[in-house]
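Undergrad: So the chains spell out like this:
2 protein chains.
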Amino acid sequence: MLVIRRNNLLLGFYRAVLAPAARPARAMVRIAVVRDITNRLQARSAQRSWKRCYSARVTGKEPQPPIRSVADLKAWLPGASVPLVEVCGWVRSVRKSSGVRFIDITDGSSMRPVQVVVEKSLAADIRPGTAVRLKGAWYNTVGKNGDGAGASANSHAASAEARSPINDGEDTRTSQPTQELKVHQVEILGSSDPHTLPIQNKYQTPESLRNVPHLRFRTPLNSTVLRLRSDTMASLTRFFANEQFYQTHPPIITSSDCEGAGEAFAVKAGPNTEFFRDPKYLTVSAQLHLEAMAQAIGSVWTLSPTFRAEQSDTSRHLSEFYMLEAEMSFVKNLEEIMALVQKMLRSLAQDLSQLSAASELRQNRLDSRDPAEKLAFADLAEGEVLRRRWAGLQSQRKWPRITYSQAIEHLQTVAERFDHPPAWGSSLQSEHEKYLAEVLGYDEQEDAYLPIFVTQYPRQIKAFYMLGSASSPAEGETVDCFDLLVPDIGELAGGSMRENRLSELESSMQLHGLEVPGKRDAGKNSLGWYVDLRRWGCPPHGGFGLGFDRLLSYLSGFSNVRDVVPFPRHFQRCDC
Amino acid sequence: MLVIRRNNLLLGFYRAVLAPAARPARAMVRIAVVRDITNRLQARSAQRSWKRCYSARVTGKEPQPPIRSVADLKAWLPGASVPLVEVCGWVRSVRKSSGVRFIDITDGSSMRPVQVVVEKSLAADIRPGTAVRLKGAWYNTVGKNGDGAGASANSHAASAEARSPINDGEDTRTSQPTQELKVHQVEILGSSDPHTLPIQNKYQTPESLRNVPHLRFRTPLNSTVLRLRSDTMASLTRFFANEQFYQTHPPIITSSDCEGAGEAFAVKAGPNTEFFRDPKYLTVSAQLHLEAMAQAIGSVWTLSPTFRAEQSDTSRHLSEFYMLEAEMSFVKNLEEIMALVQKMLRSLAQDLSQLSAASELRQNRLDSRDPAEKLAFADLAEGEVLRRRWAGLQSQRKWPRITYSQAIEHLQTVAERFDHPPAWGSSLQSEHEKYLAEVLGYDEQEDAYLPIFVTQYPRQIKAFYMLGSASSPAEGETVDCFDLLVPDIGELAGGSMRENRLSELESSMQLHGLEVPGKRDAGKNSLGWYVDLRRWGCPPHGGFGLGFDRLLSYLSGFSNVRDVVPFPRHFQRCDC
Chain X
1 MLVIRRNNLL
11 LGFYRAVLAP
21 AARPARAMVR
31 IAVVRDITNR
41 LQARSAQRSW
51 KRCYSARVTG
61 KEPQPPIRSV
71 ADLKAWLPGA
81 SVPLVEVCGW
91 VRSVRKSSGV
101 RFIDITDGSS
111 MRPVQVVVEK
121 SLAADIRPGT
131 AVRLKGAWYN
141 TVGKNGDGAG
151 ASANSHAASA
161 EARSPINDGE
171 DTRTSQPTQE
181 LKVHQVEILG
191 SSDPHTLPIQ
201 NKYQTPESLR
211 NVPHLRFRTP
221 LNSTVLRLRS
231 DTMASLTRFF
241 ANEQFYQTHP
251 PIITSSDCEG
261 AGEAFAVKAG
271 PNTEFFRDPK
281 YLTVSAQLHL
291 EAMAQAIGSV
301 WTLSPTFRAE
311 QSDTSRHLSE
321 FYMLEAEMSF
331 VKNLEEIMAL
341 VQKMLRSLAQ
351 DLSQLSAASE
361 LRQNRLDSRD
371 PAEKLAFADL
381 AEGEVLRRRW
391 AGLQSQRKWP
401 RITYSQAIEH
411 LQTVAERFDH
421 PPAWGSSLQS
431 EHEKYLAEVL
441 GYDEQEDAYL
451 PIFVTQYPRQ
461 IKAFYMLGSA
471 SSPAEGETVD
481 CFDLLVPDIG
491 ELAGGSMREN
501 RLSELESSMQ
511 LHGLEVPGKR
521 DAGKNSLGWY
531 VDLRRWGCPP
541 HGGFGLGFDR
551 LLSYLSGFSN
561 VRDVVPFPRH
571 FQRCDC
Chain D
1 MLVIRRNNLL
11 LGFYRAVLAP
21 AARPARAMVR
31 IAVVRDITNR
41 LQARSAQRSW
51 KRCYSARVTG
61 KEPQPPIRSV
71 ADLKAWLPGA
81 SVPLVEVCGW
91 VRSVRKSSGV
101 RFIDITDGSS
111 MRPVQVVVEK
121 SLAADIRPGT
131 AVRLKGAWYN
141 TVGKNGDGAG
151 ASANSHAASA
161 EARSPINDGE
171 DTRTSQPTQE
181 LKVHQVEILG
191 SSDPHTLPIQ
201 NKYQTPESLR
211 NVPHLRFRTP
221 LNSTVLRLRS
231 DTMASLTRFF
241 ANEQFYQTHP
251 PIITSSDCEG
261 AGEAFAVKAG
271 PNTEFFRDPK
281 YLTVSAQLHL
291 EAMAQAIGSV
301 WTLSPTFRAE
311 QSDTSRHLSE
321 FYMLEAEMSF
331 VKNLEEIMAL
341 VQKMLRSLAQ
351 DLSQLSAASE
361 LRQNRLDSRD
371 PAEKLAFADL
381 AEGEVLRRRW
391 AGLQSQRKWP
401 RITYSQAIEH
411 LQTVAERFDH
421 PPAWGSSLQS
431 EHEKYLAEVL
441 GYDEQEDAYL
451 PIFVTQYPRQ
461 IKAFYMLGSA
471 SSPAEGETVD
481 CFDLLVPDIG
491 ELAGGSMREN
501 RLSELESSMQ
511 LHGLEVPGKR
521 DAGKNSLGWY
531 VDLRRWGCPP
541 HGGFGLGFDR
551 LLSYLSGFSN
561 VRDVVPFPRH
571 FQRCDC
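Chains X and D, in that order, give the protein sequences. Sequence positions in the first sequence follow UniProt numbering and run 1 to 576. Sequence positions in the second sequence follow UniProt numbering and run 1 to 576.
Treat the hints loosely; a few may be bogus.
Identical chains share a label here; the pair holds if one copy fits it or two copies do between them.
As the list claims (entries may be wrong) - Cross-link-like lysine to aspartate or glutamate pairs, in silico, EDC-like; alpha carbons within 20 Å at most:
hint	residue 1	residue 2
1	Lys268	Asp278
2	Lys135	Glu263
3	Lys74	Glu243
4	Lys398	Glu438
5	Lys434	Glu382
6	Lys61	Asp419
7	Lys332	Glu187
8	Lys202	Glu475
9	Lys61	Glu86
10	Lys519	Asp575
Simulated from the structure, these hints should not be mistaken for lab results.
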């Protein structure tokens, strides 16, 4: 009926608008008729659900608490049992008992699942991996003896922590009071074959999980790291907004290989055509473009993908990785940039420590009793090491600064520790960086790893755009730059003052073997536009870049950066 | 002296750590010595400036207001003149008067500059484009007659709005009370040659500005759009955090060409080697990977670069563009996704309308008296059109829904308007989309353009992963999808429920001419992993993608998407 009426109405409308030219009066009629149609369309659709269905909610007529996820539910401590609660999620494990099944459900919002109790007769299709919608009553008993509200359920419940990782085993242990959902309605949203399920509710090595990148964030630790990444982005966005930096989108396809290292990926469209006029590459750093934007709006930042076609197979390198980069005009000296880096990381660590992902990574390992969980945590950096890292990031102390020359002197006194002899004029190797960070960054008083700034590297081993130091040591010319080093990872960030004077920049380009573009070469030489930035009002400026995935690795304790990235890309590997 | 002492200390330290193996006791000594070094290094550097220098600030001994930018300064209304204010920025224009120069300075934080007055003797090197640091006294007189505090300056000051765009002209007009800085100290931070300066303080066409992408955001409108982009990102980040979505970083280099349109850029490292094992491409959509993540943590979103090697030369297409994409597990129907899109865009428009970039774009055009500014605004969509767009986005009314079949019927009644005849089974053309949005979306009561949702497109013209509709019209099978259409731009967003059942997905792949991967093909077939997601607990889910640059174009009124992107990339064009 409704459909017919609507069609008639549309027919009438079509006749009305078939008139060859719309005069103003007619246009008004037309619009009025259209509104009539759309009102009716709306009336029809308004009958459908309008509100978003979150994965958990309390239903019923009274005003309900804002429960939207399993994490909310677990944090909620109602005084009595709650009769109508709905939870959507995935089954992590099923444990049999006489007449009932104890099932762990997760919706990904918390590292640990929530326990539900389902009558055997309702649980036939509930298997590890299944996606379900469950309705039931929520019992919440805290403390050793419980409050009796969930007694019938609790008499069967094993605590989440004392649970065996083996699926489908008979559960005979004595009860611990806990939170659980006593289910009266089961809806299977997506079935699962537990025999082929690649993500079992047991310990799996990081290496084996890397073979199933599309599924591995279904494990407790990997899903928590996904949430940590999200929290980190949100926190940084707030930080930079407060600091009056503008977030930008620098280009990904570029003409220039910023660092001149020749490790850029080429971009092609079709075999024979040159889609763009010249060869183009995936960006290796957003810095040059950020400088251009900083000269328009002062202070800018980005969190953008960056690419290196390095054939290195290390735990710290990826072919595709995220860089946090910031650039500021009107900066007086390097100290301001280092101060910003410390302020940013301190603010971030303080923020994250209040949020669930980081808290779970810290707290759950302290009270972990599940063998699978304990084994997974054992793959991360030690708890004590992680505590020192976080303490160092949050410290109110100013992080140590040491010049490159001092660092080399220092390293030479312990040269026998290293595979690569430290020498003035050579890059610091990863082993040098880690050593410096561990030894110079350790703060005994706070029992914390303070990240350290190594400054004033030799000009020839740093990029052409860096500003020369006011004074250099006898060994050679240095530039106003820093690397930020942390234990176990080495270089976490690097920054510099940029050469803002035209002729000095041109000299530095020559020194680095780069072709110096002429005044009219902005379109021809791939760096012409960058040099152009020095022609019309280029103030002192500087900035930094930070390896975002390395930062997450440092914060979470995953020793391999491939395990904090959803779909890692590196030499010979680009799955999915 | 300090250097020598430090070196001696380092020498002592090196001797201490030269011992072949560190026993615990020795390690403690070592750490203590290192702390001593780093304390001294810190003491030295603590003498330098520690606080970040913003582009504007009030100096002096008393506690000062939190002025950090020209925008802050312009919004600040102190009761009396303020003797010590520092402003860093770029010179937009210089106007001569007897004995003084009136100079407009911007730091990019506000669309309009701040006016400074400099004695002729101090102003010799101040030319359009120059970067300067200025110190002086701040006069703030509001109203026609001023308050007398800045009388000496005001007697010369022309209001910012009544100003001639011509540089270096003699200024003889009568004064208007205003805000200005009376400068007593000038520092040139970066000189400028005004004769070659490509960005003059006069009107320049969007086309001419596209030839200097690295400089064009120095114009008032382009810098404001950069800030609008930043505000938009910050607002969306808040919105999704509140909605319990996790922000993610899907991969950029991928194996699959999501939509199967064959318009992907290929990625290569070096001419002869296959860096990854198989051919790889730049992502055309993050959706497939987002689905994988949504099946671990429920609801995810991203704002990521996306690439299409389309050779189309339109005002709406780029080869590199940002897509806002979101994916939700446990979604009951398409209506939930459309509701989310409306809620998001309404929240965004409400947020932005409170922030400076959007407010300046709206407000400044209303009171614009500067001819250059007026001409620049005239390139944008009309003020009245923009007001309707914003009103529609912020409307509390539910946006209209119409099915594709209804849309085709509707379009066929006015087929003579179009170059492409509307026919069931063919894609809607841009001209169709724009027409539908303008006619069906116009809300007379609110005088607003409500975006409209067109739903249920034919299966054969949509992507293979879309869920079939519960019922389809006689013309053919349709899928549960929508396109969101707006006037002038057409498609702004698109979304769908995804096929979550394995065998139905496989059938759809066959229908779309795609090879169906086998159970063990996850590593071989480029879509094997995606099909895998259906094997173990795949609940109903769906999501959407929104063209972020198009959204900015719609919000700002720039008719060409190339003008809202810092460094646009499209066929035959990839500058910088």
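Undergrad: Evaluate each hint against the coordinates.
TA: Status of the hints after comparison with the structure:
no. : hint            : verdict
1   : Lys268 x Asp278 : both (10 Å within a copy, 15 Å between copies)
2   : Lys135 x Glu263 : neither (55 Å within a copy, 46 Å between copies)
3   : Lys74 x Glu243  : between (35 Å within a copy, 18 Å between copies)
4   : Lys398 x Glu438 : within (16 Å within a copy, 59 Å between copies)
5   : Lys434 x Glu382 : within (16 Å within a copy, 59 Å between copies)
6   : Lys61 x Asp419  : neither (70 Å within a copy, 54 Å between copies)
7   : Lys332 x Glu187 : between (63 Å within a copy, 13 Å between copies)
8   : Lys202 x Glu475 : neither (57 Å within a copy, 51 Å between copies)
9   : Lys61 x Glu86   : within (14 Å within a copy, 60 Å between copies)
10  : Lys519 x Asp575 : between (45 Å within a copy, 16 Å between copies)
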